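The primary structure of each chain is shown beneath.
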Amino acid sequence: MLEVSGLKKEFQPLSGPPVTAIGDVSFRVEARQFVSIVGPSGCGKSTLLQCVAGLMRPTAGTVVLDGREVTGPPEGLILLFQEYNKSLMAWRTVLGNVCFGLENKAGLARADREAEARHYIGLVGLGGFEHQYPWELSGGMQQRVAIARALACKPQVLLMDEPFGALDALTRIELEDTLLRLWESLRSTILFVTHDIEEAVYLSDRVYVLSRRPSRMIEDTAVDLPRPRNQLASREDTRFIKLRRHTFELISKEMAQI
Amino acid sequence: MRRIPWSGLAVLAACLLAWEAWAYWRRDLAAYFPPASEVLVTLGQMLGSGELTGHVAATMKRFAEGYFLAAVLAVGAGLCLGLWRWLYNAFEPLIELLRPMPSPATIPIAILFLGIGDEMKVAVTIYACSWPILLNTLDGVRSVDRVLFATAATFRLSPWARFWKVVLPAASPQIVTGLRVSLAIALILVTTSEMVVSNDGLGYYVLESQRTFQMPQMYAAVVALGVIGYALNRLFLMIDGWVMAWHKGATRREN
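In order, the protein sequence lines correspond to chains S and U.
Using our numbering, the letters of the first sequence map in sequence onto residues 100 to 357.
Using our numbering, the letters of the second sequence map in sequence onto residues 15 to 269.
Since the hints were derived computationally from the structure, they do not count as laboratory data.
Computed from a predicted structure; not experimentally measured.
Using N, Cα and C, we set each Cβ at its ideal position, and we do this for glycine too.
Errors might be hidden in some of the hints.
[What the hints assert, rightly or not] Using 20 Å as the maximum straight-line C-alpha spacing, the simulated EDC-like pairs for lysine to aspartate or glutamate come out as follows:
| # | chain 1 | residue 1 | chain 2 | residue 2 |
| --- | --- | --- | --- | --- |
| 1 | S | Lys107 | S | Glu168 |
| 2 | S | Lys185 | U | Glu52 |
| 3 | S | Lys185 | S | Glu129 |
| 4 | S | Lys253 | S | Glu215 |
| 5 | U | Lys179 | S | Glu213 |
| 6 | U | Lys179 | U | Asp159 |
| 7 | S | Lys341 | S | Asp295 |
| 8 | S | Lys185 | U | Asp153 |
| 9 | U | Lys262 | S | Glu235 |
| 10 | S | Lys253 | S | Glu283 |
| 11 | S | Lys253 | S | Glu174 |
| 12 | U | Lys262 | U | Asp159 |
| 13 | S | Lys204 | S | Glu215 |
| 14 | S | Lys352 | S | Glu297 |
| 15 | U | Lys179 | S | Glu283 |
[Stated by the list, open to error] Here chain S is said to cover these stretches of chain U; the calculated rule only asks that three of the stretch's residues, wherever they fall, bring their Cβ under 8 Å from a Cβ of chain S:
| # | segment |
| --- | --- |
| 16 | 44-53 |
| 17 | 166-178 |
| 18 | 204-218 |
[Stated by the list, open to error] Away from chain S, derived, C-beta distances all over 12 Å, residues of chain U:
| # | residue |
| --- | --- |
| 19 | Ala32 |
| 20 | Glu65 |
| 21 | Ser117 |
| 22 | Gly129 |
| 23 | Pro183 |
| 24 | Pro187 |
| 25 | Thr265 |
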């Protein structure tokens, strides 16, 4: 349902020849799948997501969502950022922030919007915090607000750009499980970018590995682990350990070449 | 309940006492340096008799007209310049040329074109107030984080909604900073232009009292100007604290 083919992205620095961030990347994400993209830092993962989200035009190649080529931010697709503190609106309460995406939907009365927002605030476990401001909350809670805001729009596809990268390890574990729970009940498609191999394997149905810049796809592995996942059992599963090892070797080989 | 700033009040009282004592000690200066008590009594009498009312009203009217027109014009211009890079590039040299020029220098030119009435005073006030508002607004718009813009884009906001819901609130703390700086500038320019040419207003009154050797009256009007400036700033801070409470909270958290 989401198909990226031959995607290439060059940047023109102030001086010198153009830099190729993404060389040639093609992949598919099936509906309701959880797919992660991992790769060495600077391999253009964020750039790739920006192109998929329609926020950036690729130099070559196409992104097709449900048979329609993406040329601008498409309907039914939301990109969630790592920088929750910059992406949330400091002048809006939690409720106001989650309502933000719903305000665009025509024919939704204010009361309905708020009811809808409250539902999602409850889902991410922030019931009772509706009238707090983002800056009154911890980092993990702020990212929960951003997740609720994105999910409230009922996106078919949720793109996540290292969403837990700025959080401490325990908060991260908590949010991983919240995300999986929500994904399983809402059945949306998630394309998740991370530099954390374990996180990618733990969460996903498939893991795509990117090479260093100019990036190509170097591996596409299906994660053969039963769901629901469990932080202890899944991570101790031999298949998890094998996959982690395999992916780690691929990426460290890439990094050694820099 | 706010705590009473005792130490601040003590310094203020000490200064008034020093003024009082010095004026008594140097009786030879009495002609142009009356004691604080005399100035305050004169101020009270002038307020009581209504002698100052007309002048205060004239000054405040010019202040309000100049300040609010400047706020509307400069916020509008700053938003446009901040949103459209090409517009900024076109106007930047002009802004950089005019901005450092001391604003009172425009008074003689304004007299030539607008005469010696209120139009001239309001015009120079608008001119002078516009710079801090314009530059702060411009900077506020341009420093809206790219993540915030990208968020607006991924939620498919129309340009209009993006402006009202993202750009304007995100830039508002800096717009308020500009408005606050200009508050003092407006009063300076109104007073200065009244001193140059006028037949009412506190600026006129201060200079006229000095020229007619009515020293207690002159000092009283200066004190009145100080009190007005102080009151305007307090009022501004009150509204600011109420409207921008989210920003106070957010920045306190960061520090």
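Tested hints:
no., hint, result
1, S:Lys107 to S:Glu168, "15 Å, holds"
2, S:Lys185 to U:Glu52, "57 Å, violated"
3, S:Lys185 to S:Glu129, "31 Å, violated"
4, S:Lys253 to S:Glu215, "11 Å, holds"
5, U:Lys179 to S:Glu213, "17 Å, holds"
6, U:Lys179 to U:Asp159, "14 Å, holds"
7, S:Lys341 to S:Asp295, "15 Å, holds"
8, S:Lys185 to U:Asp153, "17 Å, holds"
9, U:Lys262 to S:Glu235, "12 Å, holds"
10, S:Lys253 to S:Glu283, "14 Å, holds"
11, S:Lys253 to S:Glu174, "10 Å, holds"
12, U:Lys262 to U:Asp159, "18 Å, holds"
13, S:Lys204 to S:Glu215, "12 Å, holds"
14, S:Lys352 to S:Glu297, "17 Å, holds"
15, U:Lys179 to S:Glu283, "32 Å, violated"
16, 44-53, "violated (count 0)"
17, 166-178, "holds (count 6)"
18, 204-218, "violated (count 0)"
19, Ala32, "45 Å, holds"
20, Glu65, "47 Å, holds"
21, Ser117, "33 Å, holds"
22, Gly129, "44 Å, holds"
23, Pro183, "5 Å, violated"
24, Pro187, "9 Å, violated"
25, Thr265, "9 Å, violated"
In this structure, the hints that do not hold are numbers 2, 3, 15, 16, 18, 23, 24, 25, in rising order.
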